[in-house]
Amino acid sequence: MRTEDVVASKIGHPPHTTTTAAATKSCASALSPGRYAGGGTGFIGTALTQLLKARGHEVMLVSRKPGPDRITWDELDTSGLPHCDAAVNLAGENILNPIRRWNESFQKEVLNSRLETTQILARAINKAPQPPQAWVLVTGVGAKEGETKKNIAWSRGRTGDSGQTSAVPLAAYYQPSLTAEYDEDSPGGDFDFFSNLVTKWEAAARLPGESTRQVVVRSGVVLGREGGAIRHMLLPFRLGLGGPIGPGHQFFPWIHIRDLAGILAHAVEASHVQGVLNGVAPASATTNAEFAKAFGAALGRPAFIPLPSMVVQAVFGRERAIMLLEGQKVVPRRTLATGYQYSFPELGAALKEVVA
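First residue of the sequence shown: 1, per the UniProt record's numbering; consecutive thereafter.
Any given hint could be a false lead.
[Unchecked claim] Within a straight-line C-alpha distance of at most 27 Å, the following computed DSS-like cross-link-like pairs (lysine-lysine) qualify: (1) K53 - K352; (2) K53 - K65; (3) K352 - K293; (4) K65 - K127; (5) K53 - K108; (6) K293 - K200; (7) K108 - K65.
In case anyone wonders, no lab produced these hints; they're calculated from the structure. Quick caveat, the model's predicted, so the values are computed rather than measured.
Take these sequences, add in the hints, and give me the full structure.
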């Protein structure tokens, strides 16, 4: 079944943007498993929608079903990509779905859910008489919290999504390490199923030529009060039952939802931004145990009860459990160099805002 829900959007001249590109339209695409009908209510999608609309953008949803401000996949196939200035694609089947066994069939679903829509949109962009000026893909540095039932892609100003969110790892590009530090130029993508997945995913989005500016944002764990990791962690931590996962010394690359949306908007609007950006906060040395302690402190609760590694492995299997039990120290060197200014560079302030 094709995961679908793409968003196409229009961009007006944003009042605050530094981009010099003409902004008449933009398109966006969102990806989600076909059993959910899309709206504009997802976790990351809502944040990005609100930000882009505040900057003068509008969006059209590309979905299986016709409706106001939508086009269908069939229309996209037959009529091509509507004229737009930018396209953003977030997508993927929930890798850490605990009710799904990690077998060959599910691995194929995970792979196809990321590649198929990305390939369709890339082909549509490549064939467009007036291709968009920017094409942005969101993948992962490690276990990325994001949209679960439907992820989103866009190019003009609003998002399409299922409204149901979960802690959804996209996949890990950089190899887990307790000592290495990774920036956007660091090697990766060739050491396990997930890293190879990101490599194929990013390759599927690659366009020939230079007529469209291409950006890949590798996101960390997304923190926000409306969804993502916090949504699933809040109750046990409020009850004083929270704590680190496994040993706790693994790095925990994170980003506040407002900053992930900000980086995506920055990538869409700023004509000098291209290539890979790490979508993580500058406080990259945070470990899982430090995150748990800071989250407990923000709630005024203790956070010292660990989730044993053997339990994580029993639930998810050894290969998937790596995404929770191991981590990477990732720095957003190029993201900062492009001029993006973080709203929440430090973990304490980010968590206080989330739980306020």
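Verification of the hints:
Taken as a hint, the K53 and K352 pair is honoured in the structure, with Cα atoms around 26 Å apart against an allowance of 27 Å. Between K53 and K65 the alpha-carbon distance is near 23 Å, which keeps this suggested pair within the 27 Å criterion. A C-alpha spacing of about 13 Å is found between K352 and K293, which places the hinted pair at or below 27 Å, so the restraint holds. For the given pair, K65 sits about 23 Å from K127 by alpha-carbon distance, which is consistent with the 27 Å threshold.
As the CA atoms of K53 and K108 are separated by approximately 36 Å, the hinted pair breaks the 27 Å bound. Distance restraint check for K293 and K200: the Cα-Cα separation of roughly 36 Å exceeds the 27 Å cut-off, and the hinted pair is therefore not satisfied. For the hint pairing K108 with K65, the CA-to-CA distance comes to about 25 Å; that is within 27 Å, so the pair holds.
The structure shown violates the earlier hints numbered 5, 6.
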